[in-house]
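Trainee: Residues per chain are reported as follows:
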Amino acid sequence: MAINSNTPLSVVAEATFNALPVADKDPLLTILENANGMYEAHAPALISALYTCEHLITGRSAVFWIPVLPSIDGLDYDFSHWVYGGAGVGAVTITVEEYIAGWGAIHASGALGLAAATWLRHNHTTAISASATILRVTISRAAGSEFSPSAILVRPGTNAPAVGVKASGFVPFDDGMLAVGTSDAGINTEHLNRGPQNAMAILRDRRQCVWSFVQEYSQTDAVYSTYTSPLSDTVPACFGQAVGLIPFAHDPVVTVYAIGVVDGGATTDLIDVYQVGKSGVKLDADGAVQSASLTLEMDASGTIEARAKIGADAACKAGQVTHIAAVIVLWRPGD
Amino acid sequence: MRPPGGKDWTGAVSITAEMTGEATPGADVELLISADVAVFNAITQPYAQCGHAFDGATSAMLTTRRFGCMVAPAGLSAHAWLAAWGTPDIGAIQAPVEIESTSSGWPPPAGVDLIVVPSPQQGTAAFGEVAASVASPEHWQSGDTDETGPTAAINRRIELAGSLSPTMEEFQVKYCAGFGLNTIGRTPDLE
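Here the protein sequences line up with chains A and B, keeping their order. So the first sequence is numbered by the numbering used here: it starts at 1 and just counts up by one. So the second sequence is numbered by the numbering used here: it starts at 336 and just counts up by one.
Treat the hints as calculated values from the structure; they're not laboratory data. Take every hint as true, because none was put in to throw you off.
Rough simulated footprint, nothing fancy, chain B against chain A, three-plus residues with beta-carbon under 8 Å:
no. : region
1   : 1-10
2   : 36-42
3   : 149-157
4   : 205-213
5   : 237-250
Here are the simulated distance ranges between beta carbons:
no. : chain 1 : residue 1 : chain 2 : residue 2 : range
6   : B       : A487      : A       : V89       : 33 to 43 Å
7   : A       : R60       : B       : P444      : 23 to 33 Å
8   : B       : T480      : A       : G176      : 49 to 59 Å
9   : A       : S291      : B       : P444      : 34 to 44 Å
10  : B       : E526      : A       : G74       : 31 to 41 Å
11  : B       : A487      : A       : G319      : 49 to 59 Å
12  : B       : T483      : A       : G59       : 40 to 50 Å
13  : A       : S291      : B       : G341      : 22 to 32 Å
14  : B       : I489      : A       : Q219      : 38 to 48 Å
15  : A       : G277      : B       : S500      : 36 to 46 Å
16  : A       : T268      : B       : P444      : 48 to 58 Å
17  : B       : A347      : A       : A111      : 45 to 55 Å
18  : A       : G334      : B       : D363      : 20 to 30 Å
19  : A       : A116      : B       : V447      : 22 to 32 Å
All C-beta atoms in this analysis are idealised placements derived from N, C-alpha and C, irrespective of residue type, glycine included.
Work out the full structure, taking the sequences as your base and the hints as a guide.
Mentor: Encoded structure:
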């Protein structure tokens with residue numbers, strides 16, 4: 001008896017169903033082990049962001065706060081960090097912390113070599129606690145050497161399903177349930193329902209990143225703020241626009257997570273995340289993660305090219321400065 | 336023939352819905368097909384793709400970017416949705432966007448495999464300037480020419496791995512301020 005996973009997917013030929021006289025061990029076993037394989041390998045991006053930050057930083061660290069809503073199963077995630085090295089050959093270090101009730105380190109890279117004018121891609125596999133709400137990424141380089149953070153990608157790693165019901169609702173399938181002989185295995189309702197229910201549990205548990213904008217948390221170090229474009233609370237500054245895609249969707253509901261920072265004064269409703277030409281949500285810029293739901297009206301809806309042009313603005317109160325540290329828009333199938 | 340799945344999942348995902356409630360269901364092939372299609376579609380549905388907003392076009396910033404996108408099984412080719420503001424010269428036409436990727440031509444420099452996307456007339460404001468209600472960036476797509484053996488750097492589809500497993504496609508992109516990967520070509524038959 002074993003919990004086996006089909007990775008990659010094992011495709012059941014259409015002809016199999018045409019020829020099948022009765023329900024038998026296969027293809028049911030294949031279907032159930034495909035669902036196990038989905039638990040092991042399903043890997044939409046949870047976080048995918050290109051940093052907007054100072055180019056060729058020296059003499060300080062770059063620090064990014066990124067809202068996150070990880071799997072409730074405490075999965076391992078594969079992280080990739082891209083950093084460009086300017087002048088100098090000093091070592092790079094990358095640390096990742098998660099915020100629950102306080103900050104806790106989950107990864108420390110050690111010294112990473114980087115020659116002048118070359119790229120570094122640092123990969124690691126690290127579990128993110130189910131209750132984590134923010135990831136803090138700190139990138140540093142030895143004094144006198146330049147660096148430019150480029151991007152981060154976080155997606156589920158290889159998570160072989162182990163025995164026991166998961167918090168997500170996923171129930172690993174053990175082949176012993178169908179192993180009594182090869183042609184006389186008992187088939188019951190559970191066998192037919194389990195594969196689809198497991199697949200749906202995985203879809204619901206693993207959020208998919210639809211839009212992002214991330215710059216440094218420190219207003220001193222951030223490149224763009226309302227000071228860069230000194231406007232007002234009636235004419236806000238735009239921090240970015242891009243097209244996000246949810247294939248085949250019509251009117252999906254996404255969740256917007258934002259961290260905005262002010263240098264003082266009121267914080268209410270200073271961040272505006274919107275679909276261009278459609279509706280949006282306003283969030284407080286109080287230095288913490290704020291969230292709200294937003295229904296998108298997709299262009300090319302119902303097709304593989306279904307997409308939405310999304311942007312993020314920030315306003316400021318008179319005499320004060322606001323900046324957006326991060327906006328992450330997440331979606332999960334079913335919403 | 337088994338094409339990859341694709342559906343609007345809104346309101347269509349339940350982890351408790353049952354294919355059958357019968358304690359002793361009949362040996363019905365339709366039930367097996369339903370069970371298989373539900374799992375198969377969930378695995379092969381293309382992932383949502385992030386619209387990355389960033390400043391990678393202002394001359395003082397890092398204008399050559401490296402990053403990665405996750406591609407669901409069966410993804411073969413893609414467009415990129417690109418964005419650019421009016422910098423460095425408001426209203427001027429900016430340098431073409433250059434795209435290199437794991438499946439299209441890697442590592443950089445990709446030579447004839449380089450994908451070169453002409454930039455349209457730029458928006459009317461610099462990055463981070465005034466709100467989109469006042470001025471907007473330009474949004475446009477990379478090319479649709481499905482050419483996997485180019486002899487010159489052209490504006491063509493981005494190639495993807497076409498694997499039965501999820502894959503990370505690594506990119507190097509120059510001169511843009513928005514990037515969203517739009518998988519448009521998929522393996523027509525996964526059998």
